[in-house]
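**Student:** Top to bottom, those sequences are chains G and V.
The first sequence lines up with residues 1 to 490 when you count with UniProt numbering.
The second sequence lines up with residues 1 to 490 when you count with UniProt numbering.
None of these hints come from the bench; they were simulated from the model.
It should be emphasised that the depicted structure is a prediction, and the values quoted were computed from it without experimental measurement.
Built from N, CA and C at the ideal position, the CB exists for glycine as well.
Treat the hints with care, since some could be wrong.
A short, non-exhaustive set of chain G residues, derived as facing chain V with CB atoms under 7 Å [said to hold, decoys possible]: (1) Met-1; (2) Arg-7; (3) Ile-9; (4) Gly-98; (5) Arg-275; (6) Gln-312; (7) Thr-392; (8) Ala-394.
If we take Cβ atoms under 10 Å as the criterion, some of the chain G residues that face chain V in the derived model are [stated by the list, open to error]: (9) Ser-2; (10) Ala-93; (11) Pro-97; (12) Trp-117; (13) Asp-212; (14) Gln-278; (15) Leu-280; (16) Arg-310; (17) Pro-379; (18) Glu-388; (19) Gly-397; (20) Asp-399; (21) Arg-434; (22) His-443.
Capping the alpha-carbon separation at 20 Å, the derived lysine to any residue pairs in SDA-like fashion look like this [claimed, not checked]: (23) G:Lys-92 with V:Asp-333; (24) G:Lys-92 with G:Pro-154; (25) V:Lys-92 with G:Arg-160; (26) V:Lys-92 with G:Gly-248; (27) G:Lys-405 with G:Asp-447; (28) G:Lys-405 with V:Ala-380; (29) G:Lys-92 with V:Pro-4; (30) V:Lys-92 with G:Phe-80; (31) V:Lys-405 with G:Ala-380; (32) V:Lys-92 with G:Pro-256; (33) G:Lys-223 with V:Ser-445; (34) V:Lys-223 with G:Ser-445; (35) V:Lys-92 with G:Gly-260; (36) V:Lys-223 with V:Ser-414; (37) G:Lys-92 with V:Gly-248; (38) G:Lys-405 with V:Pro-379; (39) V:Lys-223 with V:Ala-15; (40) G:Lys-92 with G:Asp-3.
There are 2 protein chains.
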Amino acid sequence: MSDPSIRPIPADRIARWDYEADVVVAGFGVAGASAAVAAATAGAQVLVLERTSGWGGAAAMAGGFVYLGGGTPLQTACGFEDSVADMQAFLKAALGPGADEAKIDLYCEGSVDHYRWLADEIGVPFKAEFWGEPGWEPPTDAGLMYSGGENSAPFNTIARPAPRGHVPQMADKQSNGERGGGYMLMKPLVDKAIELGVEAVYDVRVQTLVVDADGRVTGLVAKQYGKTVAVRARTGVVLATGSFAYNGAMVEAFAPRIAGRPAASIEEHDGRAIRMAQALGADLAHMDATEVAFFCDPQLFIRGILVNGRGQRYVPEDTYPGHVGQATLLRNDNQAFLVIDQAAYEEGLTRPTATPMLRMPPTWVCETVTELEAEMGLPAGSLQTTVEVYNTHAANGEDPLLGKKPEWVAPIGSPVAAIDLRGMTGGFTLGGLRTSVDSEVLHVSGDPIPGLFAAGRCTAGISAGGYVSGASLGDGSFFGRRAGASAARN
Amino acid sequence: MSDPSIRPIPADRIARWDYEADVVVAGFGVAGASAAVAAATAGAQVLVLERTSGWGGAAAMAGGFVYLGGGTPLQTACGFEDSVADMQAFLKAALGPGADEAKIDLYCEGSVDHYRWLADEIGVPFKAEFWGEPGWEPPTDAGLMYSGGENSAPFNTIARPAPRGHVPQMADKQSNGERGGGYMLMKPLVDKAIELGVEAVYDVRVQTLVVDADGRVTGLVAKQYGKTVAVRARTGVVLATGSFAYNGAMVEAFAPRIAGRPAASIEEHDGRAIRMAQALGADLAHMDATEVAFFCDPQLFIRGILVNGRGQRYVPEDTYPGHVGQATLLRNDNQAFLVIDQAAYEEGLTRPTATPMLRMPPTWVCETVTELEAEMGLPAGSLQTTVEVYNTHAANGEDPLLGKKPEWVAPIGSPVAAIDLRGMTGGFTLGGLRTSVDSEVLHVSGDPIPGLFAAGRCTAGISAGGYVSGASLGDGSFFGRRAGASAARN
Numbered sequence: 001m002s003d004p005s006i007r008p009i010p011a012d013r014i015a016r017w018d019y020e021a022d023v024v025v026a027g028f029g030v031a032g033a034s035a036a037v038a039a040a041t042a043g044a045q046v047l048v049l050e051r052t053s054g055w056g057g058a059a060a061m062a063g064g065f066v067y068l069g070g071g072t073p074l075q076t077a078c079g080f081e082d083s084v085a086d087m088q089a090f091l092k093a094a095l096g097p098g099a100d101e102a103k104i105d106l107y108c109e110g111s112v113d114h115y116r117w118l119a120d121e122i123g124v125p126f127k128a129e130f131w132g133e134p135g136w137e138p139p140t141d142a143g144l145m146y147s148g149g150e151n152s153a154p155f156n157t158i159a160r161p162a163p164r165g166h167v168p169q170m171a172d173k174q175s176n177g178e179r180g181g182g183y184m185l186m187k188p189l190v191d192k193a194i195e196l197g198v199e200a201v202y203d204v205r206v207q208t209l210v211v212d213a214d215g216r217v218t219g220l221v222a223k224q225y226g227k228t229v230a231v232r233a234r235t236g237v238v239l240a241t242g243s244f245a246y247n248g249a250m251v252e253a254f255a256p257r258i259a260g261r262p263a264a265s266i267e268e269h270d271g272r273a274i275r276m277a278q279a280l281g282a283d284l285a286h287m288d289a290t291e292v293a294f295f296c297d298p299q300l301f302i303r304g305i306l307v308n309g310r311g312q313r314y315v316p317e318d319t320y321p322g323h324v325g326q327a328t329l330l331r332n333d334n335q336a337f338l339v340i341d342q343a344a345y346e347e348g349l350t351r352p353t354a355t356p357m358l359r360m361p362p363t364w365v366c367e368t369v370t371e372l373e374a375e376m377g378l379p380a381g382s383l384q385t386t387v388e389v390y391n392t393h394a395a396n397g398e399d400p401l402l403g404k405k406p407e408w409v410a411p412i413g414s415p416v417a418a419i420d421l422r423g424m425t426g427g428f429t430l431g432g433l434r435t436s437v438d439s440e441v442l443h444v445s446g447d448p449i450p451g452l453f454a455a456g457r458c459t460a461g462i463s464a465g466g467y468v469s470g471a472s473l474g475d476g477s478f479f480g481r482r483a484g485a486s487a488a489r490n
Numbered sequence: 001m002s003d004p005s006i007r008p009i010p011a012d013r014i015a016r017w018d019y020e021a022d023v024v025v026a027g028f029g030v031a032g033a034s035a036a037v038a039a040a041t042a043g044a045q046v047l048v049l050e051r052t053s054g055w056g057g058a059a060a061m062a063g064g065f066v067y068l069g070g071g072t073p074l075q076t077a078c079g080f081e082d083s084v085a086d087m088q089a090f091l092k093a094a095l096g097p098g099a100d101e102a103k104i105d106l107y108c109e110g111s112v113d114h115y116r117w118l119a120d121e122i123g124v125p126f127k128a129e130f131w132g133e134p135g136w137e138p139p140t141d142a143g144l145m146y147s148g149g150e151n152s153a154p155f156n157t158i159a160r161p162a163p164r165g166h167v168p169q170m171a172d173k174q175s176n177g178e179r180g181g182g183y184m185l186m187k188p189l190v191d192k193a194i195e196l197g198v199e200a201v202y203d204v205r206v207q208t209l210v211v212d213a214d215g216r217v218t219g220l221v222a223k224q225y226g227k228t229v230a231v232r233a234r235t236g237v238v239l240a241t242g243s244f245a246y247n248g249a250m251v252e253a254f255a256p257r258i259a260g261r262p263a264a265s266i267e268e269h270d271g272r273a274i275r276m277a278q279a280l281g282a283d284l285a286h287m288d289a290t291e292v293a294f295f296c297d298p299q300l301f302i303r304g305i306l307v308n309g310r311g312q313r314y315v316p317e318d319t320y321p322g323h324v325g326q327a328t329l330l331r332n333d334n335q336a337f338l339v340i341d342q343a344a345y346e347e348g349l350t351r352p353t354a355t356p357m358l359r360m361p362p363t364w365v366c367e368t369v370t371e372l373e374a375e376m377g378l379p380a381g382s383l384q385t386t387v388e389v390y391n392t393h394a395a396n397g398e399d400p401l402l403g404k405k406p407e408w409v410a411p412i413g414s415p416v417a418a419i420d421l422r423g424m425t426g427g428f429t430l431g432g433l434r435t436s437v438d439s440e441v442l443h444v445s446g447d448p449i450p451g452l453f454a455a456g457r458c459t460a461g462i463s464a465g466g467y468v469s470g471a472s473l474g475d476g477s478f479f480g481r482r483a484g485a486s487a488a489r490n
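In isolation and in its complexed conformation, chain G is listed as follows:
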């Protein structure tokens, strides 16, 4: 349990620097690569330390959504209008309570510019095609999709909806195996970094920070092939090593509902950078916040009703599936069942999906809801009345209980099935270091820790309680750039 190596090392104890640069970036995922490019663009000599043997991090394995809006060229090309104000209003509603409004404001105001940077400066390809089917991500190389429930209740009454999930184009997806849009975000970012002269060293695991007598971070200490190396950062260190989803003790202490169910994350996400900075008195925020995936194909559950362990509906089934995951795990004891009639289930199977492995078979099939309810072990009348109330309104194309859009509302007929989705959730952590809008790591005094910057999922970004797909690659790249620029001019 004891790990003294996390304690900061006084600079005067470093006899020899093994590496040296203006800006030293820990982690070569989306936040680290964005920071490296921004720092190098600003004229800094940049060194990236990456723990694994290659660049990419969790980002390169991700579907690739970057949450952007306010009227990006891609939104416009796909025929959607958007505004900064609508994007701000939506994100403040969807990512709260407690979301960092200053960060959201800046993120939305800078979103079109950030899109241009990604598309034009970095060369990330986005195909001007909108994907309108329900799902976690497009099964094609389409570049734009709703990825946060913008057009679903209650958000469609709060701000004018626009799709803001921007997906880098991965042509010929089938033949690329597991590579998705995230790879096509990372590849040009890393290429650009190398082109700008950024140096990367792999298989180097950061251990702790080096601090001078005035409390300024001047470097870090790392392990490389079992050897301890000292790395000097002349102007700044950028921490970008990802979340703490794979640090069991931290998850237990801060986000226990997600304990034992990490998903969409990588094992390197052990929270080390958060601990290193905490040891310097860095502040934290939103350590309980989690992204929660829901392991069922939206093409199925949008065509039925989701009920909790008491047979009650609890979430509009046409919303962003991540909201379904959060509602299930965090507010309904991880209890969910999909109730769907045979016709709707079979129709769902005919629709395109990026996640065919999430099309599970029915657990129970019955002629009537009364029988189904009994087989599921629910109290007599509980599911029956839920379906009865739903069907009554659905006959008029309405869902006054949860506001599912008319196009997805239809009475549930017979035969009727239920899929047991209890425990079918997983996710990653969203909390971490508290940073300024310029990606300075903040001390509990409220002041920046000199020389120390951070971005990506080792920080508390734009998300607090809620989440939308694209928020992590989005704020990781956006505030990663700001981290790199801040570290370079520091």
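With chain G's structure known, arrange chain V on it following the hints.
**Tutor:** The following block gives chain V in isolation, referenced to the frame of chain G:
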């Protein structure tokens, strides 16, 4: 926003110590007083620094529950059997997920001894009388009550129920104004401390910690009447300054659902001690956890059904009201309505209660649930079916949906009323410094910070996600004692 005074001060910069003791305790509430008594009992010279002009803290204003069990003399005298194993099983279920099981184990194993210490050594009076009515606390001077839903679903299927809320006796409650059991816990604790030679200085606000070159805490710096004073602690500092419920920025960053609704707390609970220790690299835990009070008289809501903003039941109405508060605020968007027929409402009003101000009048009264549902603005059929299913089972004395006990189950008749309880919650924070079972403050390295101890609501105690009444005075006094003993022998 910037507060440099939180940064630790190197011991070699202290020119003169204004106060000096073996053990210095910050805060004279239940944790601080217990620490002071234990340290003095161990032979230490003890100085308590209290921010206000008198002892007591939040504890002296509290109802006074101390959560104790495993077969205390009071439980036995009231005719209840209990065991350490049942208490452990209950608390692990009720205080999780993520509760510190080592702390719970020790707390339960030491509970009978802790009762004896309070009753026999300190002289806290407990009257051997059980109070069995629903409510937040006894309206009389009875000493024992269920205070955690032990005898309600689902906990009554997990462990053998026993009442464990031990309330110090406040004779002649009426004439004592706002003084409740908490006062009668604090008064003898403080008397004992003074008797043992503990010195207390009031109107002293701790600012930050003093640390020697080896990282050992050797004192603290405080403000006294505008002047900065240095206080030396020869063997240890004990932090016991309470929660961060009144630190708006911390609540926003860590527990935003409770933002703007502090309750059962005092304004001095500003999280200062947590920040002081964080500045030294202290670790945190469960910063999102909150106690949540529900502002309605349990004598009323136990006799009806509580429904959320969709007209659905969500919590057994006969459980500990704090579970109702958590379920409402944290899992049902702070939306609650009590649906109750006239006969049950009027019966509730005839029953004894300690909280008459929580007996609000009906918001709507109707002849039928159909009318009521319409007046409440709920979707047609939603509340009707909820009542229909409840009534069907209630006719058999059953509640298969939520497991309310037969004695509280009865069909809802006419006329029927609803009380609007939306937003009627408030509470305090439960997260804080991570401490060992010996109340050492733990550094993020996992090692204790030498010379630094903490207890009470500035620490993450036995509670994580859940809460029971008596957990705060309980773990504050129990781990306060351990803090004092550890600091004395340090």
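**Student:** Compare the structure with each hint and give your call.
**Tutor:** Hint check:
1. Hint on Met-1 (chain G) holds. Least Cβ distance to chain V is approximately 4 Å, under the 7 Å limit.
2. A cut of 7 Å between beta carbons decides the hint on Arg-7 (chain G): the least distance to chain V is about 6 Å, and the hint holds.
3. Taken as an interface hint, Ile-9 (chain G) does not check out: its beta carbon lies about 13 Å from the nearest beta carbon of chain V, beyond 7 Å.
4. Look at Gly-98 (chain G): its Cβ gets to within about 3 Å of chain V, closer than 7 Å, so that hint holds up.
5. This hint holds: Arg-275 (chain G) has a C-beta 5 Å from the nearest C-beta of chain V, less than the 7 Å allowed.
6. Interface restraint check for Gln-312 (chain G): the shortest CB-CB distance to chain V comes to about 5 Å, inside 7 Å, so the restraint holds.
7. Taking 7 Å as the C-beta contact cut-off toward chain V, the hint placing Thr-392 (chain G) at the interface holds, the least distance being around 6 Å.
8. Nearest Cβ of chain V to the Cβ of Ala-394 (chain G): about 12 Å, over the 7 Å cut. The hint is violated.
9. Because the smallest distance between the Cβ of Ser-2 (chain G) and any Cβ of chain V comes to about 5 Å, under 10 Å, the interface hint for this residue holds.
10. Nearest Cβ of chain V to the Cβ of Ala-93 (chain G): about 13 Å, over the 10 Å cut. The hint is violated.
11. The interface hint given for Pro-97 (chain G) holds, since its Cβ lies 4 Å from the closest Cβ of chain V, which is under the 10 Å cut-off.
12. Given the 10 Å rule on beta carbons, the hint for Trp-117 (chain G) is violated: about 29 Å separates it from the nearest Cβ of chain V.
13. Taken as an interface hint, Asp-212 (chain G) does not check out: its beta carbon lies about 15 Å from the nearest beta carbon of chain V, beyond 10 Å.
14. With its C-beta approaching chain V no nearer than about 5 Å, Gln-278 (chain G) sits inside the 10 Å limit, and its interface hint holds.
15. The criterion of a C-beta within 10 Å of any C-beta in chain V is met by Leu-280 (chain G), whose closest approach is roughly 7 Å, and the hint holds.
16. Among the interface hints, the one on Arg-310 (chain G) holds; its C-beta lies about 6 Å from the nearest C-beta in chain V, closer than the 10 Å criterion.
17. A hinted interface residue such as Pro-379 (chain G) counts as satisfied when its beta carbon comes closer than 10 Å to some beta carbon of chain V; here the least separation is about 4 Å, so the hint holds.
18. With a least beta-carbon distance of about 7 Å to chain V, the hint placing Glu-388 (chain G) at the interface is held under the 10 Å criterion.
19. A cut of 10 Å between beta carbons decides the hint on Gly-397 (chain G): the least distance to chain V is about 14 Å, and the hint is violated.
20. For the restraint placing Asp-399 (chain G) at the interface with chain V, the shortest Cβ-Cβ distance is roughly 9 Å, inside the 10 Å limit, so the hint holds.
21. Interface hint status for Arg-434 (chain G): upheld, as the beta-carbon distance to the closest one in chain V is roughly 7 Å, under 10 Å.
22. Because the beta carbon of His-443 (chain G) sits about 7 Å from the nearest beta carbon in chain V, less than 10 Å, this interface hint is met.
23. For the given pair, Lys-92 (chain G) sits about 16 Å from Asp-333 (chain V) by alpha-carbon distance, which is consistent with the 20 Å threshold.
24. A hinted pair counts as satisfied when its Cα atoms are at most 20 Å apart, and Lys-92 (chain G) with Pro-154 (chain G) qualifies at roughly 13 Å.
25. At roughly 45 Å between alpha-carbon atoms, Lys-92 (chain V) and Arg-160 (chain G) are farther apart than 20 Å, so this suggested pair is violated.
26. Between the alpha carbons of Lys-92 (chain V) and Gly-248 (chain G) the distance comes to roughly 18 Å, so the proposed pair stays at or under 20 Å and holds.
27. At most 20 Å may separate the alpha-carbon atoms for a hinted pair to count; Lys-405 (chain G) and Asp-447 (chain G) exceed this at roughly 47 Å.
28. Of the supplied pair hints, the one linking Lys-405 (chain G) and Ala-380 (chain V) holds, its CA atoms being roughly 18 Å apart against a limit of 20 Å.
29. Distance check on the hinted pair: Lys-92 (chain G) and Pro-4 (chain V) sit about 31 Å apart at the alpha-carbon level, beyond 20 Å; violated.
30. Among the hinted pairs, Lys-92 (chain V) with Phe-80 (chain G) is inconsistent with the structure: their alpha-carbon atoms are about 51 Å apart, more than 20 Å.
31. With a CA separation close to 18 Å, the supplied pair Lys-405 (chain V) and Ala-380 (chain G) stays within the 20 Å bound.
32. Straight-line distance between C-alpha atoms of Lys-92 (chain V) and Pro-256 (chain G) comes to about 13 Å, which keeps the hinted pair within the 20 Å bound.
33. Restraint check for Lys-223 (chain G) and Ser-445 (chain V): satisfied, since their Cα atoms lie roughly 17 Å apart, inside the 20 Å limit.
34. Our distance criterion of 20 Å between C-alpha atoms is met by Lys-223 (chain V) and Ser-445 (chain G), whose separation comes to about 17 Å.
35. With a C-alpha separation of about 18 Å, the suggested pair Lys-92 (chain V) and Gly-260 (chain G) falls inside the 20 Å cut-off, and the hint holds.
36. Restraint check for Lys-223 (chain V) and Ser-414 (chain V): the C-alpha separation of about 62 Å exceeds 20 Å, so the hint is violated.
37. For the hint linking Lys-92 (chain G) to Gly-248 (chain V), the alpha-carbon distance of about 18 Å falls within 20 Å, and the restraint holds.
38. Distance check on the hinted pair: Lys-405 (chain G) and Pro-379 (chain V) sit about 16 Å apart at the alpha-carbon level, within 20 Å; holds.
39. Note on Lys-223 (chain V) and Ala-15 (chain V): the hinted pairing holds, with a Cα-Cα distance of about 16 Å set against a maximum of 20 Å.
40. Distance restraint check for Lys-92 (chain G) and Asp-3 (chain G): the Cα-Cα separation of roughly 38 Å exceeds the 20 Å cut-off, and the hinted pair is therefore not satisfied.
When the structure is compared with the earlier hints, violations turn up for hints 3, 8, 10, 12, 13, 19, 25, 27, 29, 30, 36 and 40 and for no others.
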